[in-house]
Amino acid sequence: RGRTYLQRSKEDVEDYRYFPEPDLVSLAPPPETVAKLRAALPEMPSERRARFVASYGLSDYDARILVSDRALADYYEAAVKAEPGQPKLIANWVIGDLTATLKREAVQIGASRVGSEQLAALVRLIAAGKVSGSAAKEIFTEMWKDGGDPEAIMNTRGLAQVSDEGAIAAAVEEVIKANPGAVAAYKAGKTIALGALVGAVMGKLGRKANAAVVNRILTERLA
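Residue numbering for the sequence shown is 1 to 223, as defined by my numbering.
Read the hints as simulated data drawn from the structure, not as lab findings.
Among these hints, one or two may not hold up.
As a list, the in silico SDA-like pairs of lysine to any residue whose alpha-carbon atoms are at most 25 Å apart [unchecked claim]: (1) K204 to A170; (2) K204 to A223; (3) K137 to R124.
Just need the whole structure built from these sequences, with the hints factored in.
Here is the structure:
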């Protein structure tokens, strides 16, 4: 925690057998030498944690987890360098799925089968709305198993998320017509009914629709 506590004391410094060495002169390095040496010191974990919070907008909790392992923090920064716009989402994946997989496979971050740039590419797909969270987990599992580019895996396995508003709107209309009871319940104030309608739309689109877009279009249609 960066704190020092007094645990015991002595009567005098002589009790520690400290005494001056008469043959050594006092050492007083010039300020520029001190500054040069200080600049050469590596970044301390507490400094790195503070930088992660200030520069990447991470919570202190997330930053502490990342800097607890220098290699993990290095991996994280390499991923952020590859995808600078998503530091928080990358942190979520490093702390979550990646760390869980490392523990399950009993390997260190240096032996990760998913490189930092690969993870950044996966996060890029999520941020662009090309894959859902559940599809991203499938892609990550495939990347860990056999390697490969996340976008190629997405296309090969048909995991691309449907964000075409025209296709979603058409599915919404079909679901509304087929579920008058849920529609009436929602309009009567039972907002939980919206979840059933969203689920029906998602099912009609093969669980590949962008849930946020489905929610928005449904809500607008039922207003």
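Comparing the hints with the structure gives:
1. K204 to A170: 10 Å, holds
2. K204 to A223: With Cα atoms ~22 Å apart, K204 and A223 stay inside 25 Å; holds.
3. K137 to R124: 14 Å, holds
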